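S.K.: Turn these sequences into a full structure, and let the hints guide you.
Next come the chains, spelled out residue by residue.
Protein chains: 2
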Amino acid sequence: MLDIKRVLIPDIKEFIKEKELEELKDFLKHLKPQDIADLLSLEEFSHAEKALLFRLLDKHEAAIVFSELYFEDQQKLLKYLSSNETITLLEDMDPDDRALLFDELPPEVVKQLLLKLSPEEREHTLTLLNYPPDSVGRAMTPDVLNVQEDMTVDEVIQKIRAVSEEVETIYDIYVLDKDEKLIGKVDLKSLVLSKGDVKIKEIMEKNPVYVRAQDDREKAANLIKKYDLISIPVVDSENKLLGIITVDDVLDIMEQEATEDIYKMAAVEAPEIEEEYLRLSPLERVKKRIPWLLGLLVAEVASSSVLKGFDETLSAVVSLAFFIPMLTDTGGNVGSQAVTLIVRALATGEFNEKKIGKVIIHEILTSFVLGLPLAIVGFIIAQLVSNSIHVAIIVSLSLFLVIVLSDTIGLLLPLLFRIIKIDPAVSSSPLITTVVDITGLLTYFTLATLLLKNN
Amino acid sequence: MLDIKRVLIPDIKEFIKEKELEELKDFLKHLKPQDIADLLSLEEFSHAEKALLFRLLDKHEAAIVFSELYFEDQQKLLKYLSSNETITLLEDMDPDDRALLFDELPPEVVKQLLLKLSPEEREHTLTLLNYPPDSVGRAMTPDVLNVQEDMTVDEVIQKIRAVSEEVETIYDIYVLDKDEKLIGKVDLKSLVLSKGDVKIKEIMEKNPVYVRAQDDREKAANLIKKYDLISIPVVDSENKLLGIITVDDVLDIMEQEATEDIYKMAAVEAPEIEEEYLRLSPLERVKKRIPWLLGLLVAEVASSSVLKGFDETLSAVVSLAFFIPMLTDTGGNVGSQAVTLIVRALATGEFNEKKIGKVIIHEILTSFVLGLPLAIVGFIIAQLVSNSIHVAIIVSLSLFLVIVLSDTIGLLLPLLFRIIKIDPAVSSSPLITTVVDITGLLTYFTLATLLLKNN
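Chains A and B, in that order, give the protein sequences. With numbering that gives the first Met the number 0, you'll find the first sequence wraps up at 454, consecutive numbering, no jumps. With numbering that gives the first Met the number 0, you'll find the second sequence wraps up at 454, consecutive numbering, no jumps.
Just so you know, these hints were derived from the structure itself, not from any lab. Just so we're clear, the structure is a prediction, and the values are computed from it rather than from any experiment. Watch out, some of these pointers could steer you wrong.
The list cannot tell twin chains apart, which means a pair is met if one copy fits it or any two copies do.
As the list claims (entries may be wrong) - Cross-link-like lysine-lysine pairs, in silico, BS3-like; alpha carbons within 25 Å at most: (1) K452 <-> K307; (2) K31 <-> K287; (3) K75 <-> K200; (4) K188 <-> K205; (5) K58 <-> K28; (6) K287 <-> K452; (7) K357 <-> K286; (8) K218 <-> K198; (9) K78 <-> K24; (10) K194 <-> K75; (11) K194 <-> K158; (12) K78 <-> K200; (13) K31 <-> K18; (14) K188 <-> K200; (15) K158 <-> K188; (16) K218 <-> K110; (17) K307 <-> K354; (18) K205 <-> K75.
M.R.: Next comes the structure, spelled out in C-alpha cells:
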C-alpha cells in the first residue's frame, strides 16, 4: 500500500505549487485518515508543506489523522499551528489519544494546554493521566454509549442517532441503573434484530465481562480476545461505568506488549509507547541497550574467576580450552530455548500454576532426551579436534550435565521471577547465557580436574 | 476468571451424580461458550463426564464450544460422539474452524467425514483446505453478508434479519455488482443512521480495502489493525468476493505470529496452529528443539578449530583463556540485541527499505558508542583478574572490535535473510551467538598473537 501513496507525491506537490488548494482538499477527501497520516510522515514533504496539508483537513478528520502520527511528527506539526488551532485540534481528539500525547509532551507545555481546554475535556484528560501507564484506565475512552434498562429499542436507536458522533463505538451499548452502575450490555445486532417496542432489559446480556480501571491493560486485551468482543466496559470499585476499551485499541496493545516482551528477552529496555527503535538516534539506542550489557559484562568476572581458579588444570591440558565456547554456547542455547518457551507460556496464559510439578518433571525429562544425542556428537567433535579420549570423555559428560542444568535453570528462573513479582520476560537469553556459563564452566573444570587427577 | 470456573466443579459433579440433567442444562446456559470450553479442558472431569456435558449443549452452542477446544480435547470428545452427532456438529461449525480441525485429523478420517458432510459444506471446506496454511484463504470465512447496490437501507435491514444466524458478522455488509464483484462496503452504523429509503450505493464506501486469498494472513491482520476495521473482504483475481477475515480472527493470528517469531528467535521450531509447548510430551518437545541445537553444536567445530589453531599462543599465556567466555558472551549479547531489534522492526513493518543506508550508518555509530565504555570496563576486569597489562589491553581492544563486529553482523544477517527470502526471524540469538563466537575468537587470538609477539 505504501507504494500507492508514493505515487501521489508528485500530484500533491503539483497542487501545492499551483496553489490549487480547493482541488487538493477534494483530493485528500478520497484518502483514508491512516493514509493521510502516512503521507504526513514522508520525508519528501517539508514541514511547511505538511502543515499546509494538515490545515486542509476538516476538524474531525484532522483529529483522527493527528492521532495516527508518530509523536515526533505530532510535535513538529504543533509548532506550525496557532494556539487556537492547537486547542481546536486537542478538543476534537479522543481522550485516550490526547492522554497519550500529553504523556510525551514536556510538563510545562501540558500545563499550558490543559488550562486552555474546555473544563469537561480537561477533567477527562486529567482523570486518564492519573492512571498508571500500562493500566486499563490510561487506555480507555470515556465516550461510551449508555442507556437505561427501561428504554425501548426504538428509544435507544433514537439516542444512537443523536450521539453517534460523540461516542467511540455504537456496536456495544451499555445499560446503567439509576446510580450509573453497570447492569448489562446490548449489541447493535440484537437491537436491529428486535422489535421496536421491546424493553432493553429484556434483550440485554446481564453481568457482562468487565475490567477495572486499575487492571493491567493486558487483562482487557486477553478478555476481548477470549470472548471475541468489540469492546469491554471499565468500571470502578462501585461498579460505576468509567469508559470502554475497544478491540482496535487491543490490536495496538497486543503489538506493543509483544514488542516489549521480545525486547526484554534480548535484554533491551522495553520501548516506550509508540516508540520505534529505528527512529531513535545512536545515543538513544545506546541508552536502551547498555544497562544490561554492562551488568552482564561485570557478571563475567565470575566466569573469568572460575577459569582462573582452574589455572593449573588448564595449563596442564591446554586443549580443554578449545571446547569452552562449545560448552558455554550449547548451555546458552538450551537455556535460551527453555526461558523463551516458559516466558511465552506465561505471557499467553498457557501456564497453569496448579500443574507446576508436572511441568518441571516433563521439562527435566526433555533435557535428558536432548542431552544424550548432543553428548554423543560432542564426544565425536572433541575426539577429532583434541585427539584425546580423556578430553573427549570430559567434554561429552560435561555437555550432558550442562544441558540438563541449563534447561532446568532456564525453566526455573522465569518461574522464580514471577513468584518474586519481577516480569518473567526479564530472564532473557543474555541473562540465562551468563548464569549458565558460570555453572557450565564449574562443571566442566571440576570434572576435568577430578578425572585427570586419577589418570 | 479461571478460579470462578473451578468453584463450579463440585456443583457440576453433584448434578451429574444426582442425574439432574435438566438442571445441569439450565446451569450451563448461564455460562459463555468460552467458559464451557475451559471447563471441558479441566482434568477434574473424566472424558465420559465431558461428553455428557457436551451433549447437553444446544446444537449451535456446541459448535462454538467445540471450536474453542484444544485439538487433543476435540479428538477425545469425537471418540464419544456417534457418527450422526459428529456430522451434525461439523455441519454447524464455522467453515474456517472446521478447516482447522480437518488440518489436524488423520487424512483417512477427514476423507470419511467429508463424504458425510452436505455437498455445500463439503465444498466450502475443500476450498479452504486448498489454500496454503498461513494464507488469508485458509483463515477466512465464506459466510458473508452481501447485498446489491440498488437495494434500500430497509431492504438490507430485512435481509440482515433473515440471514443474521448464518453469517459471521452483520457489522460489515459488502456490496456486489451483478457479477458478484466487490464494489463497496457499508457498516451497520451507517445503515442505522440512514433513512430507510436511501439506496445502498449512496451510503456505501467505494473501493474498500481488501486482501486476496493467496496473501499472507499477516497482511490481513496489518490492514485490519491499521484501518481499525471489524472485517476485511477477501477477493479472487477477478475481484469476486470469496469471504472475510474478522477482527477476532486477527487477534488470534497476531498472537500466533508473535509466538512463531519468538520461538524462531530462540531457535525453536515454530509451533503448529493452536499447539502449546507445555502440552507436548518430552519427545515432542525434543523434536522441536534438537534440530537447531545439533546444527549449532556441529558449527562449534569452527570455534574449537580456531582455538586449536592458536594452541601456541594459548599455551604461552594461559590467562588468555580466562576471558574467552567474557568476549564470546558480550559479542553474543550485542548480536542478540541487534538481531532482535531488526527482526522486530521488520515484523511490525517499521523497517523501510529505502532508508537502508541510514539504518546501517546509525547502527554502526551505535556500536561504536556501545563499545567504548564496555571496553574500558573490560580492561579493568582483565587487569584485576590476570594482573597483566598486556592481557588487559588485548582483552579491551578485542571487546571493542567484537562489539562493533557483532552489532554489524546482527544487523546485516536478518536483512540478508530477507533478501534471499528466508524468514528474518530465523537469525535467532543462538545462531548469531555461534557466528559471532567464531569471528570474536579469531579477532581475540589474532590480536593476542600479534601483540604478544612484539613483546
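S.K.: Taking the hints in turn, state whether each one holds.
M.R.: Hint check results:
Taking the closest pair of Cα atoms, K452 and K307 come within 25 Å of each other both inside a single copy (18 Å) and across two copies (23 Å). Proximity of K31 and K287 under a CA criterion of 25 Å is satisfied in neither setting, with 35 Å inside one chain copy and 43 Å between copies. Taking identical chains as interchangeable, the C-alpha atoms of K75 and K200 are never at most 25 Å apart, the minima being 50 Å within one chain and 40 Å between chains. Proximity of K188 to K205 under the C-alpha cut-off of 25 Å is found in both arrangements, the shortest distances being 16 Å within a copy and 24 Å between copies.
Taking CA atoms no more than 25 Å apart as the test, K58 paired with K28 passes inside one copy only; the shortest distance there is 13 Å, against 47 Å between copies. Proximity of K287 and K452 under a CA criterion of 25 Å is satisfied in neither setting, with 47 Å inside one chain copy and 39 Å between copies. Proximity of K357 and K286 under a CA criterion of 25 Å is satisfied inter-copy only: 19 Å between copies versus 41 Å inside one chain copy. In this assembly of identical chains, the alpha carbons of K218 and K198 never lie at most 25 Å apart, being 32 Å within a copy and 42 Å across copies at closest.
For the identical chains of this complex, K78 and K24 are intra-copy neighbours only, at 22 Å inside a copy versus 64 Å across copies, given an alpha-carbon limit of 25 Å. For the homomeric pair K194 and K75, neither the shortest alpha-carbon distance inside one copy (52 Å) nor that between copies (43 Å) is at most 25 Å. Taking the shortest Cα distances, K194 and K158 sit within 25 Å of each other both inside one copy (16 Å) and across copies (15 Å). Neither within a single protomer nor between protomers do K78 and K200 lie at most 25 Å apart by alpha-carbon distance, with minima of 50 Å and 41 Å respectively.
Within a single copy, K31 and K18 get their C-alpha atoms as close as 23 Å, which meets the 25 Å cut-off; across copies the closest is 59 Å, which misses it. In this homomeric assembly, K188 and K200 come within 25 Å of each other (Cα to Cα) both inside a single copy, at 15 Å, and across copies, at 22 Å. Taking the closest pair of Cα atoms, K158 and K188 come within 25 Å of each other both inside a single copy (16 Å) and across two copies (13 Å). In this assembly of identical chains, the alpha carbons of K218 and K110 never lie at most 25 Å apart, being 31 Å within a copy and 41 Å across copies at closest.
Taking the shortest alpha-carbon separations for K307 and K354, neither the intra-copy value of 42 Å nor the inter-copy value of 47 Å comes in at or below 25 Å. Taking the shortest Cα distances, K205 and K75 never come within 25 Å of each other, neither inside one copy (47 Å) nor across copies (33 Å).
Checked against the numbered hints above, the structure breaks hints 2, 3, 6, 8, 10, 12, 16, 17, 18 and satisfies the rest.
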